[in-house]
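Undergrad: Next come the chains, spelled out residue by residue.
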Amino acid sequence: MAQVEEPGPEATDRELTMSRAMVEAIATEMREDEEVFVMGEDVADYGGIFDSTEGLLEEFGYDRIMDVPISETSFIGAGVGAAMQGMRPIVELMFADFFGVAMDQIYNNMAKNAYMSGGSVSVPMVLMTAVGGTYNDAAQHSQTLYGTFAHLPGMKVVVPSTAYDAKGLMHAAIRDDDPVVYMFHKRLMGLAWMPAPEGPKTGVPEDDYEIPFGEADVKREGDDVTVVTLGLHVHRALEAAANLADDGIETEVIDLRTLVPLDTETVLESVRKTGNLVVVDEDYHSYGVSGELIARATEGALDDLEAVSRVTMPDTPIPYARPLENEVLPDADDIAAAIRSVGE
Amino acid sequence: MVGDNTLQRMYEEMVTARHYEERLQEEYLEGKQPAFDISAGPIPGELHLAAGHEASAAGVCAHLRDDDTVTAPHRPHHVAISKGVDLERMTAEIFGRETGLSKGKGGHMHLYDPDVNFACSGIIAQGVPPAVGAALAAKKRNTDDVAVAFLGEGAIDQGAFLESLNLAGVHDLPVVFVVEDNDWAISMPKERVTDVADGSQRADGFDVHRERVDVDDAVAIYEAAGEAVGRARDGNGPTVLEVQVHRRMGHFMGDPEAYRPDEDVELARERDSIERMEGHLEEHGFTGDDIAEIRERAHERVEEAIEWAKDQPQPDPEEAYEDVFTDELENWPERRDRELAAADGGEE
Ligand SMILES: Cc1ncc(C[n+]2csc(CCOP(=O)(O)OP(=O)(O)O)c2C)c(N)n1
Numbered sequence: 001m002a003q004v005e006e007p008g009p010e011a012t013d014r015e016l017t018m019s020r021a022m023v024e025a026i027a028t029e030m031r032e033d034e035e036v037f038v039m040g041e042d043v044a045d046y047g048g049i050f051d052s053t054e055g056l057l058e059e060f061g062y063d064r065i066m067d068v069p070i071s072e073t074s075f076i077g078a079g080v081g082a083a084m085q086g087m088r089p090i091v092e093l094m095f096a097d098f099f100g101v102a103m104d105q106i107y108n109n110m111a112k113n114a115y116m117s118g119g120s121v122s123v124p125m126v127l128m129t130a131v132g133g134t135y136n137d138a139a140q141h142s143q144t145l146y147g148t149f150a151h152l153p154g155m156k157v158v159v160p161s162t163a164y165d166a167k168g169l170m171h172a173a174i175r176d177d178d179p180v181v182y183m184f185h186k187r188l189m190g191l192a193w194m195p196a197p198e199g200p201k202t203g204v205p206e207d208d209y210e211i212p213f214g215e216a217d218v219k220r221e222g223d224d225v226t227v228v229t230l231g232l233h234v235h236r237a238l239e240a241a242a243n244l245a246d247d248g249i250e251t252e253v254i255d256l257r258t259l260v261p262l263d264t265e266t267v268l269e270s271v272r273k274t275g276n277l278v279v280v281d282e283d284y285h286s287y288g289v290s291g292e293l294i295a296r297a298t299e300g301a302l303d304d305l306e307a308v309s310r311v312t313m314p315d316t317p318i319p320y321a322r323p324l325e326n327e328v329l330p331d332a333d334d335i336a337a338a339i340r341s342v343g344e
Numbered sequence: 001m002v003g004d005n006t007l008q009r010m011y012e013e014m015v016t017a018r019h020y021e022e023r024l025q026e027e028y029l030e031g032k033q034p035a036f037d038i039s040a041g042p043i044p045g046e047l048h049l050a051a052g053h054e055a056s057a058a059g060v061c062a063h064l065r066d067d068d069t070v071t072a073p074h075r076p077h078h079v080a081i082s083k084g085v086d087l088e089r090m091t092a093e094i095f096g097r098e099t100g101l102s103k104g105k106g107g108h109m110h111l112y113d114p115d116v117n118f119a120c121s122g123i124i125a126q127g128v129p130p131a132v133g134a135a136l137a138a139k140k141r142n143t144d145d146v147a148v149a150f151l152g153e154g155a156i157d158q159g160a161f162l163e164s165l166n167l168a169g170v171h172d173l174p175v176v177f178v179v180e181d182n183d184w185a186i187s188m189p190k191e192r193v194t195d196v197a198d199g200s201q202r203a204d205g206f207d208v209h210r211e212r213v214d215v216d217d218a219v220a221i222y223e224a225a226g227e228a229v230g231r232a233r234d235g236n237g238p239t240v241l242e243v244q245v246h247r248r249m250g251h252f253m254g255d256p257e258a259y260r261p262d263e264d265v266e267l268a269r270e271r272d273s274i275e276r277m278e279g280h281l282e283e284h285g286f287t288g289d290d291i292a293e294i295r296e297r298a299h300e301r302v303e304e305a306i307e308w309a310k311d312q313p314q315p316d317p318e319e320a321y322e323d324v325f326t327d328e329l330e331n332w333p334e335r336r337d338r339e340l341a342a343a344d345g346g347e348e
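Chains W and G, in that order, give the protein sequences. Read left to right, the first sequence gives residues 1 to 344 (the UniProt record's numbering). Read left to right, the second sequence gives residues 1 to 348 (the UniProt record's numbering).
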């Protein structure tokens, strides 16, 4: 389990939404280091479509909170170039779904320059982007794509599920000398127009602190079934676990928090204890996070494994109409069914 | 010169589009008030309305036939209406119903009507290359149909547009790029993201024809578009046609537009292209009654489409797994019941 030395979310009465926590970390880093700046569409006056930069313009002005043309190839690539000069850009790709128009800058430059240079250059940049469905915005605006970014080597990938983690992971991301993709779920941000579930709004210390990458968080302990997940589905898994507890099924829920690096050890420890693994991922089913976790569990704890299951987005584009999106998007009932199926 | 019938048709399309969107707005806000929750109410997802853009679609599409291709961006309704997309099935799609154009899978940013060669994309400027592809097909097959790509002034900073201009230019393809300049890209005013006020100038770098219509006057747009479409149909290559339009609403429904100066909102409302069209109609001898009759007909058509759409059934959840491919692949996509069955030991 993670050993966070900093005071945890319990240590303060001050509760923040996830977006406020992210913005607080960005502002603190910007105050401390002139080289940190933000670039993206609608990050200035609008404050980010999902409030990821809300309020920063007032303090830092247009030079450091830069609205840019709708030219993702150019501004994400420019982020790479500025980072190679030693600056610390935070670049927003409004929706992860839009990566396609700029993927070359992301996976061939941002992610590979350090390696291709034999380590002589680094790219200390944060690419932050919104992920996830649940609001019927259809196939081009609802994807999660954790697997795509984590699959391609050279970028660290972080996925907060609470305000406390969002702040600590953002501090760590900005200070990191490598490119970090920071994927936040819209439904967790605390937006007025997209109510969050219980859970992401947590205590957040005013002082800065880092959540180290590669340390999963055991959100709930249990002996029967291990559920490994991230982002929005941490909260859905906790809901399922709470419901099953009434029936005597004790579920352990692990929030991965970062996909690269991945805390395999925490997952293995849990699987050795429970023998049953359910992976829940809002990303597509095939060739992704769920397959990777099951592979790691198999490699590391084959003898202890009795059953595995995964609850994912099926391999279909995400449909628009509510009954269709509800069908494909994993919810707490789907997770509970999977837990029951392996726990029997 | 625009003839009476064309003028009347353009006006009818414009008032249809305006009223349609007023009605969509009402329906959209149902269940989302007093607190706006994007996932509540009868219309799912985001909704981008085109109020203030109608003159552009009416003026351009007046020159198009069903076999001409149009691609629209995330703000598509006015273009769809002028291109002749089935209004009832489009409405059913926007309400997410089974009989919608895409069986409820696409939604308002992703409308497809192959009967009139209409498609859209919600990713900025990404409908442009497919329009070039339609033009390429026309040229290769030696037909005289043309393609028109609609995009916003914010979208012309996107590589896909600039690359398309070059490809269309070098192959003299029959395509018209219609840039709808409403001065805003969500919260970003044009001058914050480009030094070029006349976006059609992008064409110069590719030696492609260009034209800008500075006022959202459907008749002026009709005339400029006539030349551009004619040039394409006659085999004389592409044109960039930029037209000044106005955004009368927030970027999407629920956008409070806190970033936008009040004067700008006022200006957009004052310059009403629909009133301007009424002036044209009067000059052509249409009476107030004629105009009222056209409006009424348009309103009725809209009401009927909305009533029909709201009566349509919701899609069957199982339908979510269909249409990924034209043929059904064995075990693809993964269905959740299969996943659970597999965990149970493989029985379905
Ligand atoms: C590649 C990509 N980047 C960003 C967006 C988000 N987005 C949707 S509409 C829009 C503004 C478009 O402005 P403009 O092209 O001027 O059209 P308008 O909305 O004004 O009609 C943006 C940035 C997107 N859909 N796709």
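Check the hints yourself; a few may be wrong.
Said to hold, decoys possible - List time: in silico DSBU-like cross-link candidates among lysine-lysine, alpha-carbon distance up to 35 Å:
1. W:LYS112 x G:LYS190
2. G:LYS32 x W:LYS219
3. W:LYS219 x W:LYS273
4. G:LYS310 x G:LYS32
5. G:LYS140 x W:LYS201
Stated by the list, open to error - Chain W regions said to be covered by chain G (calculated; three or more residues, Cβ under 8 Å):
6. 43–52
7. 199–210
Hints were generated in silico from the structure; no laboratory data involved. Yeah, the Cβ is synthetic: ideal placement off N, Cα and C, and Gly gets one too.
Undergrad: State for each hint whether it applies.
TA: To see whether the hints hold, each was checked on the structure:
1. W:LYS112 x G:LYS190: holds (34 Å)
2. G:LYS32 x W:LYS219: holds (34 Å)
3. W:LYS219 x W:LYS273: holds (16 Å)
4. G:LYS310 x G:LYS32: Roughly 17 Å between the alpha carbons, so the hint for G:LYS310 and G:LYS32 holds.
5. G:LYS140 x W:LYS201: With Cα atoms ~58 Å apart, G:LYS140 and W:LYS201 exceed 35 Å; violated.
6. 43–52: With 4 residues closer than 8 Å to chain G, the segment 43–52 of chain W meets the three-residue bar; holds.
7. 199–210: violated (count 0)
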